[in-house]
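Put together the whole structure using the sequences plus the hints.
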Amino acid sequence: MFAVMDARRLDRELIDYLFVLHDHVHGELKSMLRELELTDAQAGALWRLTGEPPMTARRLAEVLNCDASTATSMIDRLERQGLVSREPHPTDRRAKIVRLTLEGCTLRDRVIRHAVERSPFARLDEESRRRLHALLRQASTHDQEAS
123 MFAVMDARRL DRELIDYLFV LHDHVHGELK SMLRELELTD AQAGALWRLT
173 GEPPMTARRL AEVLNCDAST ATSMIDRLER QGLVSREPHP TDRRAKIVRL
223 TLEGCTLRDR VIRHAVERSP FARLDEESRR RLHALLRQAS THDQEAS
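The C-terminal position of the sequence shown is numbered 269 in the working numbering, with every residue numbered one higher than the one before it.
Quick caveat, the hints were computed from the structure, so don't treat them as lab data.
Positions of the beta carbon are idealized from the N, C-alpha and C atoms, including for glycine.
Misleading hints may appear alongside valid ones.
Here are the in silico distance ranges between beta carbons for each label pair [to be verified]:
no.: 1; residue 1: Arg252; residue 2: Ser195; range: 37 to 47 angstroms
no.: 2; residue 1: Asp162; residue 2: Leu246; range: 17 to 27 angstroms
no.: 3; residue 1: Asp138; residue 2: Leu246; range: 17 to 27 angstroms
Written out as structure tokens, the structure reads:
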């Protein structure tokens, strides 16, 4: 009986900690994004457009969990800001590859640096971060493996 209660408490506390971490990281990012005049979705796009593998607008929409027209509008805005460019897809004439421009890469790196410096993980030593990374990776890929 006690083991079940302890397991339930552990699970609840893990979720509580995830919310605390999410709120902290999201709050820090929101503050910076306001200064940069970027939305959460635009920052998410910059974060995910790392270049490998190249991403189409449709794939970006899937990754961001939004419909294709929303992703296209966001890409249009990012393109007007000089942060992304569209290139022809090498094998599909109907599709375009979305890539970060040099300015987009610079901005993305700035956002990442800001997030890392203010991250609650920054106070952990490298070995602790590596263990946490492995656990988070295992937990986050569980749903992907089950489907």
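Here is what the structure says about each hint:
1. At roughly 39 angstroms, the beta carbons of Arg252 and Ser195 sit within the given window of 37 to 47 angstroms.
2. Taking 17 to 27 angstroms as the suggested C-beta distance range, the pair Asp162 and Leu246 conforms, at roughly 26 angstroms.
3. One distance hint, 17 to 27 angstroms for the beta-carbon pair Asp138 and Leu246, holds here, with the actual separation near 19 angstroms.
Of the numbered hints stated above, none is contradicted by the structure.
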